[in-house]
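Residue numbers (numbering that gives the first Met the number 0), protein chains in the order written: chain Z, 0 to 80; chain A, 0 to 200; chain R, 0 to 246.
I should point out that these hints are in silico values taken from the structure, not numbers from a laboratory. Heads up, some of the hints might be wrong.
Stated by the list, open to error - No more than 16 angstroms apart at the CA atoms, straight line, and that leaves these computed lysine to aspartate or glutamate pairs for EDC-like:
(1) A:LYS85 with A:GLU138
(2) A:LYS82 with Z:GLU56
(3) A:LYS130 with A:ASP174
(4) R:LYS15 with R:GLU83
(5) A:LYS82 with A:GLU138
(6) A:LYS85 with A:GLU170
(7) A:LYS82 with R:GLU91
(8) A:LYS82 with R:GLU83
(9) A:LYS130 with A:GLU71
Quantities reported herein were computed from a predicted structural model and do not represent experimental measurements.
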Amino acid sequence: MDALDGNAIAGLLVEVFGDERTTSRGTCGSCGASGPVAELAVYVRAPGTVVRCRACESVLMVFVEVHGVTCVDLRGLAALE
Amino acid sequence: MSPISRGFHGRRRDEADPARVPPGQYVTDDFPVLSAGPTPHHPIDWWSFTIQGAVDEPVSWTWDELRALPSETVTVDIHCVTKWSKLDTTWTGVSLDTLLDGIDTTAEYVTAFSDGGYTTNLPLDDVRDGKAWVAYEYEGEPLEPEHGGPARLLVPHLYFWKSAKWVRGLELRQDDEPGFWETYGYHNYGDPWKEQRYQGD
Amino acid sequence: MERAALPRRLTWQLAKVVELRDETPRVRSIVLESPHWPGHRPGQHVDVRLTAEDGYQAQRSYSLASAPEDDHQLLTVERLEDGEVSPYLTDELRPGDELELRGPIGGYFVWEESMGGPLLLVAGGSGVVPFRAMLRHRVAAAWDYVPVRLLYSSRSLDDVIYREELEQLDVEVVLTLTRRRPAAWMGYRRRVDETMLRDVAWPPEEEPLVYVCGPTPFVELAAGTLVTLGHDPARIKTERFGPTGGR
Chain Z
0 MDALDGNAIA
10 GLLVEVFGDE
20 RTTSRGTCGS
30 CGASGPVAEL
40 AVYVRAPGTV
50 VRCRACESVL
60 MVFVEVHGVT
70 CVDLRGLAAL
80 E
Chain A
0 MSPISRGFHG
10 RRRDEADPAR
20 VPPGQYVTDD
30 FPVLSAGPTP
40 HHPIDWWSFT
50 IQGAVDEPVS
60 WTWDELRALP
70 SETVTVDIHC
80 VTKWSKLDTT
90 WTGVSLDTLL
100 DGIDTTAEYV
110 TAFSDGGYTT
120 NLPLDDVRDG
130 KAWVAYEYEG
140 EPLEPEHGGP
150 ARLLVPHLYF
160 WKSAKWVRGL
170 ELRQDDEPGF
180 WETYGYHNYG
190 DPWKEQRYQG
200 D
Chain R
0 MERAALPRRL
10 TWQLAKVVEL
20 RDETPRVRSI
30 VLESPHWPGH
40 RPGQHVDVRL
50 TAEDGYQAQR
60 SYSLASAPED
70 DHQLLTVERL
80 EDGEVSPYLT
90 DELRPGDELE
100 LRGPIGGYFV
110 WEESMGGPLL
120 LVAGGSGVVP
130 FRAMLRHRVA
140 AAWDYVPVRL
150 LYSSRSLDDV
160 IYREELEQLD
170 VEVVLTLTRR
180 RPAAWMGYRR
190 RVDETMLRDV
200 AWPPEEEPLV
210 YVCGPTPFVE
220 LAAGTLVTLG
230 HDPARIKTER
240 FGPTGGR
């Protein structure tokens, strides 16, 4: 299954963070690779949305909608802008 | 609630005996591909399935060894937490009873682990007594990579995220450790008939 | 039309379908009127949400094909064989229907005059949609002195979206037709590759701004090849579409 990129979750990111985040710089907590969120690998066809580092494939962000509430896990990120 | 989009029905749903459809599910003839990460592609001679953890010694099978074990073909219904159910799916694989045969353990839980880092947790009892398989064929054909090939775990009585794709083994444990989706908010057990989708359900 | 500040929070709104336009056998454009449209930047998209009578919802993203200067918003949708949303948008939707959407969304895959050029746009199939917005804006804002080149990969001439419009714009369009082409076709007849990109793209020394849009494998091949040719990755922006042609 081919990954999309951060552009695909631009709307979700506005919902969660309150503003445009695809140009924010994300840093991978595993390998240190860093770049715009728009360039991250995004998997949207799953029980949740999974965002991975393009370099090492580590999970950076996970979004799960639980009974109408979007739960966000950002533990894979070392930094977000 | 959003206004209704005139004429929109979503995917074609199949009619089915309601007794076979868990609450909140709809039946489909499709086989959607859901994935939390890239499809792993490794040479089959690198493949192995290992039972490890709370055992005296880990036990491993190569691909050829797994294929040489007695296999079963089963027809089961599968239920995805994203609400689609697919009835009468046919799989061929090795029963976990065959793989666990002769392995002594005090473990009460297993964590299934896969290529790519995916994990999911289950009570050991839920992979015994004819309830689980390592499946390598779907509808008589080799399991495609996007559906979990070369082999996936098959545990049809629970939501399908427990049927770990690209499975490489089971870690037997005394304690229960939440796996990938369980960590991110999905239910620890996942019984579709009790609609246990999320933590706290 | 006044350019309003972009809203901080995204809210769902109902847009009215004004007109439908068949672009190719597989592709249809939808002309929309959104009552509170705040304006948008070329390259941005909207999220579209459909709701069935039983409450079931499906959501997809579609690039805005219209320029900010256009009177209406335009979405262009490719029908996917076993799609859930696209066949509804291309086959069922009628003028007068309402479509729930939110946007505009996106701050990365946008081009505006202040960013300069020269501009290299590389499109695979329906990846050309956001480029229509950029190209129309470039003309409407009178910044057409920014050199632009569009490399557009399509299955056949019949599948080229906006074909007449592209001919009328003062833009270098290089087509490559990968499956079928007219008998007298003198243009490229294969998938985008290094030789083609080297011939079509500006040399890296010109430091073009590059936008690549289309299905994931297309985008990765084109963007990766441009980097191999010496283009600065920081000047290459990518947008990957799913098989639906949207996201």
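Results for each hint:
| no. | hint | in the structure |
| --- | --- | --- |
| 1 | A:LYS85 with A:GLU138 | holds (13 angstroms) |
| 2 | A:LYS82 with Z:GLU56 | violated (28 angstroms) |
| 3 | A:LYS130 with A:ASP174 | violated (21 angstroms) |
| 4 | R:LYS15 with R:GLU83 | violated (21 angstroms) |
| 5 | A:LYS82 with A:GLU138 | violated (22 angstroms) |
| 6 | A:LYS85 with A:GLU170 | violated (29 angstroms) |
| 7 | A:LYS82 with R:GLU91 | violated (25 angstroms) |
| 8 | A:LYS82 with R:GLU83 | holds (15 angstroms) |
| 9 | A:LYS130 with A:GLU71 | holds (12 angstroms) |
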